[in-house]
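Given only the sequences and the hints, what does the whole structure look like? Please build it.
Residue numbers (the working numbering), protein chains in the order written: chain A, 39 to 544; chain B, 39 to 544.
Copies of the same chain look alike in the list, so a pair counts if it fits in one copy or across any two.
Derived PhoX-like pairs (lysine-lysine); straight-line CA-CA distance at most 20 angstroms:
| hint | residue 1 | residue 2 |
| --- | --- | --- |
| 1 | Lys74 | Lys542 |
| 2 | Lys344 | Lys371 |
| 3 | Lys291 | Lys365 |
| 4 | Lys365 | Lys437 |
No wet-lab data here; the hints were simulated from the structure.
There are 2 protein chains.
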Amino acid sequence: MDPKLGRMASALLALLLLLDGGMLSSPAPPPGPLEKIGRYIDLHQDEFVQTLREWVAVESDSVQPVPRLRQELLRMMAMAAEKLQRLGASVDSVDLGSQQLPGGQSLPLPPILLAELGNDPRKPTVCFYGHLDVQPAKQGDGWLADPYTLTEVDGKLYGRGATDNKGPVLAWINAVSTFGAVEQDLPVNVKFVLEGMEEAGSVGLEELVRREKERFFAGVDYILISDNLWLSRKKPALTYGTRGNSYFLVEVKCRTQDFHSGTFGGILHEPLADLVALLGSLVDSSGHILIPGIYDSVAPLTEDEKDTYKAVDLDLEEYRNSSQVEKFLFETKEEILMHLWRYPSLSIHGIEGAFDEPGAKTVIPGRVVGKFSIRLVPHMNVSVVEKQVKRHLEDVFSKRNSPNHMTVSMVVGLQPWLANTDDNQYLAAKRAIRTVFGREPDMIRDGSSIPIAKIFQDTLQKSVLMLPLGAVDDGEHSQNEKINRWNYIEGSKLFAAFFLEMAKLH
Amino acid sequence: MDPKLGRMASALLALLLLLDGGMLSSPAPPPGPLEKIGRYIDLHQDEFVQTLREWVAVESDSVQPVPRLRQELLRMMAMAAEKLQRLGASVDSVDLGSQQLPGGQSLPLPPILLAELGNDPRKPTVCFYGHLDVQPAKQGDGWLADPYTLTEVDGKLYGRGATDNKGPVLAWINAVSTFGAVEQDLPVNVKFVLEGMEEAGSVGLEELVRREKERFFAGVDYILISDNLWLSRKKPALTYGTRGNSYFLVEVKCRTQDFHSGTFGGILHEPLADLVALLGSLVDSSGHILIPGIYDSVAPLTEDEKDTYKAVDLDLEEYRNSSQVEKFLFETKEEILMHLWRYPSLSIHGIEGAFDEPGAKTVIPGRVVGKFSIRLVPHMNVSVVEKQVKRHLEDVFSKRNSPNHMTVSMVVGLQPWLANTDDNQYLAAKRAIRTVFGREPDMIRDGSSIPIAKIFQDTLQKSVLMLPLGAVDDGEHSQNEKINRWNYIEGSKLFAAFFLEMAKLH
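So, in structure tokens, the structure goes:
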């Protein structure tokens, strides 16, 4: 063969191989692995929905500590363990012992499932975290149907746990199982951490992660969590940061008992008046925090960063309507996103010890505890904030010359979290989203603190990715929680595409 | 007979009569009516205590709406009606029908007893108000003995209702009955209004007083209430005024549901921040009310009035200790009394709708209701105060440019009450106190509003006297409520002396 022809043939072969990989669109290419997978998932979607129906049917409520529900939760974990075993994974069902309740009663804790599938040293190892417990729900709370019977209306799958978090857990399992079904090699090693106490504070999880750091988690390269939502109904998102939180209690005490306002009103330094002055010194009417120094460490805003907010899909009018808020502090999308994600905020939550019931009680509370918290952003530091808050409150209080006793304590201190979006798994997730959804993802942060991300980040020092599947209106924790069939099915494809992209980038 | 001798004999006779009246002390005068009465009461004090024991034994709790207690209350009213009949009074037991409870249940209301004894047009008619219901009490709350078994320790008669108000009601009855026992003409016509729902808001009383204005109350000259306490343990008191009260609710609403501080913190005009600013604008750290105009109508302080506070028996050190208050807003007795009695005060009571439980909930309340009240003094006017408060809050709120909705409402509006202490019954009461206790009474006011005094004052336009019998440490409404045997017995004498003085002054 003419060497020229030979080179041409080689080039043609290479092109065909490339086409087979699904990287180029052409009139009729032979299906690539992702296309096969996508077709399989589409064809079997009713089976996937059926499995979700079976999982939703288990009332795995971890919040209400009653024996019947705890049994349901244990049953849920056993079902999941069996599902993972059928997938071919080796499953370690880690017993966490029992939970002591305040009344002296005790309840068994659900095990945490540590599962792994594949240990090819040439492949990256991705660890998926999810939870199978749910918030309480009963039809009488305002559900249109029984919350534990998955009910489909207009492509929406209503049911407790559908989006938080049973749907995303199953989407991950669907993606893994489909590789087997279409006889494709799973391009990544997969690990699972599935817990059953997330809604009740992830009892035992942090300790387990620490204990398993050098064992189960030793080979893990990436951690993926899919336990939040998009910012939009239709546009996928990647979450790359969460705010931290520092929660303060400020107690002002005159004496333990309350006073009668007729008998003592007029001669007391009233603790509640002191507290109202303290709380009133924290933030002005434009939302600006008045604690000296609080903004000192906030990361400066760059032009590049500004552009990222412009790209985010947020329909302000719809957001306002769905929030039922007449007017926000800010007028533009960019300002709103920045004040939810990259600037600190201070909220006053309430007062313990004052009169809080309906009616008109003439009481002067003897001891009151005000509660407020500051959402922290990069590069604020929890301990610095704690000092600033205490110094400020002491200043304000000392100016009142009150003989009452003030005590300030920080009861929660969570650092903000910000991922490096140039990490491989962020790049892989972006590409997978482009492939499956045909568009760029919203790059979003979460204004809340997500303790689970922080636990993995701090304990394992690995890259954590939050890749949500659910739409903004899924109603986690609310009545009529749902996941759209489209999100569930396309989400299963997204995870499969993510595996392929990870393998390429690794 | 020589006319001179005749005149001398007449003068001597007059002198003897005067001595017989007990107005002069002399080595061995024949006993006057009050002396006889005092001796009788001393001799029969155990019987009087025994009656109090029988009355305290009835658990006439009007606060807890349960059938068993309501039956006890009806039994108490029947016992009192019988007691008054045995006294010779004609008793009208006015049926008030039944009380509808929120649950749909209904309970019979105890009758109000309207009783009268004597209708001599030459005598003054004094109407005594008292109540026979009590606050709830059970030994487990911290009582040293069963609250419904009158228990005497060191001259203290412990039992629920002993001082509030069964003891004073019986002291009045003891005084009346003793005139009969020592065969003395009762120098006044006596009427009784005894109710059984005082601790539950005097259900039906105001309407009855209005309805009976031209009938039962037509001949009444004076109204006497003995349902409060002295300011001292030993020194008797006369109460000549109470503060009024205006109770405000200020609602700030963004939406009905709460927000999550992670998801919304930073972009909201938070209702609780608005409310804290509103409440913080009401009073400064020295207790001075900041509402413009609020002090305009406060009666100017005269030198004479100042002197009345000097005379009041109040041991500041003991007061501070028993109140468990380290430091009051003011240093002197006079300032403290004036700020409790003759200056308005503003107290913040609490907030409805905010987070009020233990723990650290990251909520932004969507709708909050602040509660505060102003104790009113002569010559403040409830409707003027209402306008001033609303205008002030609207001013403060408008400066915040908040899109939230503020609503201010005044839910209680009670005018202050001040008696004319030159009234006959005040003079008579002072003289009776001098006679029985050998000292001047403390002239006191009450910082609280006493609705019952206002009802009589406003409806009947008669002079109302508050003549307490109990000592400052009697513990009305508390555990271990008591009346001292000394207060109960000397109090019975005091009422008898009061009858005699009233008759003289009329």
